[in-house]
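So the sequence lines, in the order shown, correspond to chains G and W.
Letter by letter, the first sequence follows residues 1 to 274 of this note's numbering.
Letter by letter, the second sequence follows residues 1 to 160 of this note's numbering.
Keep in mind the hints are simulated off the structure, nothing from the lab.
Heads up, none of these hints are tricks.
When the alpha-carbon atoms are kept at most 20 Å apart in a straight line, the in silico SDA-like pairs for lysine to any residue are as follows:
1) G:Lys42 / W:Glu46
2) G:Lys184 / W:Glu129
3) G:Lys262 / G:Ala242
4) G:Lys29 / W:Trp20
5) G:Lys42 / W:Gly22
The following label-pair restraints were derived from C-beta to C-beta distances:
6) W:Cys138 / G:Gly155: 41 to 49 Å
7) G:Gln247 / W:Cys42: 18 to 26 Å
8) W:Arg56 / G:Gly155: 36 to 44 Å
9) W:Cys138 / G:Asn142: 51 to 59 Å
10) G:Gly204 / W:Gly140: 46 to 54 Å
11) W:Gly102 / G:Asp249: 29 to 37 Å
12) G:Asp7 / W:Leu86: 40 to 48 Å
13) W:Ser156 / G:Ala160: 48 to 56 Å
14) W:Met125 / G:Ala148: 33 to 41 Å
15) G:Ser253 / W:Arg137: 25 to 33 Å
16) W:Val119 / G:Thr49: 40 to 48 Å
Each residue gets a CB set at the ideal place from its N, CA and C atoms; glycine is no exception.
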Amino acid sequence: MIPAAFDYVRAENAEQAISLIGEHGDEAKFLAGGHSLLPLMKLRLAQPTVLIDIGRLTDLSYVRDAGDHIAIGALTRHMDVENSPVLHEHAPLLAHAASHVGDPQVRHRGTIGGSIAHADPASDLPATTLAMGATYVAQGPNGTREIAAADFYEGFLTTALAADEILTEIRVPKMNGAGWSFQKFNRRAQDWAIVGVAAWRSNGDSGVALVNMGSVPILASSVSSALSGGASVADAAEQAAAEADPQPDLNASAEYRVHLAKVLTRRALDAASG
Amino acid sequence: MNEHYTLNVNGAEHEVADAWLGESLLYVLRERLGLSAAKGACEQGECGSCSVLVDRELVCSCLVLAASAIGRAITTVEGLEPSGGLTDVQTAYLEAGAVQCGFCTPGLIMATHDLLDRVPRPSEMQIREELSGNVCRCTGYGRIIDAVQQVAVARSQVES
Numbered sequence: 001m002i003p004a005a006f007d008y009v010r011a012e013n014a015e016q017a018i019s020l021i022g023e024h025g026d027e028a029k030f031l032a033g034g035h036s037l038l039p040l041m042k043l044r045l046a047q048p049t050v051l052i053d054i055g056r057l058t059d060l061s062y063v064r065d066a067g068d069h070i071a072i073g074a075l076t077r078h079m080d081v082e083n084s085p086v087l088h089e090h091a092p093l094l095a096h097a098a099s100h101v102g103d104p105q106v107r108h109r110g111t112i113g114g115s116i117a118h119a120d121p122a123s124d125l126p127a128t129t130l131a132m133g134a135t136y137v138a139q140g141p142n143g144t145r146e147i148a149a150a151d152f153y154e155g156f157l158t159t160a161l162a163a164d165e166i167l168t169e170i171r172v173p174k175m176n177g178a179g180w181s182f183q184k185f186n187r188r189a190q191d192w193a194i195v196g197v198a199a200w201r202s203n204g205d206s207g208v209a210l211v212n213m214g215s216v217p218i219l220a221s222s223v224s225s226a227l228s229g230g231a232s233v234a235d236a237a238e239q240a241a242a243e244a245d246p247q248p249d250l251n252a253s254a255e256y257r258v259h260l261a262k263v264l265t266r267r268a269l270d271a272a273s274g
Numbered sequence: 001m002n003e004h005y006t007l008n009v010n011g012a013e014h015e016v017a018d019a020w021l022g023e024s025l026l027y028v029l030r031e032r033l034g035l036s037a038a039k040g041a042c043e044q045g046e047c048g049s050c051s052v053l054v055d056r057e058l059v060c061s062c063l064v065l066a067a068s069a070i071g072r073a074i075t076t077v078e079g080l081e082p083s084g085g086l087t088d089v090q091t092a093y094l095e096a097g098a099v100q101c102g103f104c105t106p107g108l109i110m111a112t113h114d115l116l117d118r119v120p121r122p123s124e125m126q127i128r129e130e131l132s133g134n135v136c137r138c139t140g141y142g143r144i145i146d147a148v149q150q151v152a153v154a155r156s157q158v159e160s
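Required output: the full structure, derived from the provided sequences and hints.
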């Protein structure tokens, strides 16, 4: 498995990365940790002719307390998200979900920004940050803009990022002691989720998002609406798949995925309410 | 498109001449530097056969470009014991019967050294979690876990 030939250029900073992608256009892709893009390239499912390596932009690797939210640099690796004391204190759901991505080798290289920009609906962190009401920061030739996670995922592996934009930061609201849970159903610990659920609950508020229940990560707003309308956890969880459009694959039929989403949502909400 | 570059592998600088920077680190180690301990299997970052240390972190060398490895310190099984003998981990794998076909063994040896350097007395659950990126299709893992525990015990006895 050898990828199709490509030219390699290394960006020294975000501005240079944006200028390089502007120069090379649609044929170029950013390379961060490489753990989503390189497997696809080896299968020839992606054939960029230029790779712009942003993997050494260490100034985009950080976790900072920014008052009402935590700011995470896009190049922060899963292992650093998993082990961040700031996230353990203020956004434990995200740190916990990051510890369930792949295996140790994957978490040493893969980055939170790479995972979100790749937008695989089966990935853990797009859905988790969606449930948390995250905001993503994109930088382009004309400056930066904020994109709500709820507006970011447009289709399978397709996001609101423009061709000449780079994801630079992920902002997650502080959880302020909210209950939370991440439920991941798979056959082996290091596998992709067959279905996953990220959920939090605090007083009347809640957020629930689903992994691998459609072409994009799914915000299960019907569950939150039911809860805020006074429904029990069991009744609210029955709404888990209302926004979903699960597809069958070798692991599970669409019907089984719907069943899993309801069961895992109930478990997640029970844990978050405890 | 081809370049000349240098890789630091097992403490020595290795010249790579007239090669594409888009080759994987695994390919360069095996095919250009003749270091064949790291194995190529899934090529997708799933199986761990190609595990090496890059700047003291365990990674799948099949998903690291040669270009990304330039300027980093790379360690392979060949560099674990400069004298050419076996490390305590390799010896324990042999004695515990943790090696059957042997294809996954180099990756597991790297993962075990990495684990025990960071966590000298891991629990069984920690061992299973830390080695979860290294797939073995022969042993059922029981004797691999035995081998890791043997090394942990032996090292703690040397210290005490």
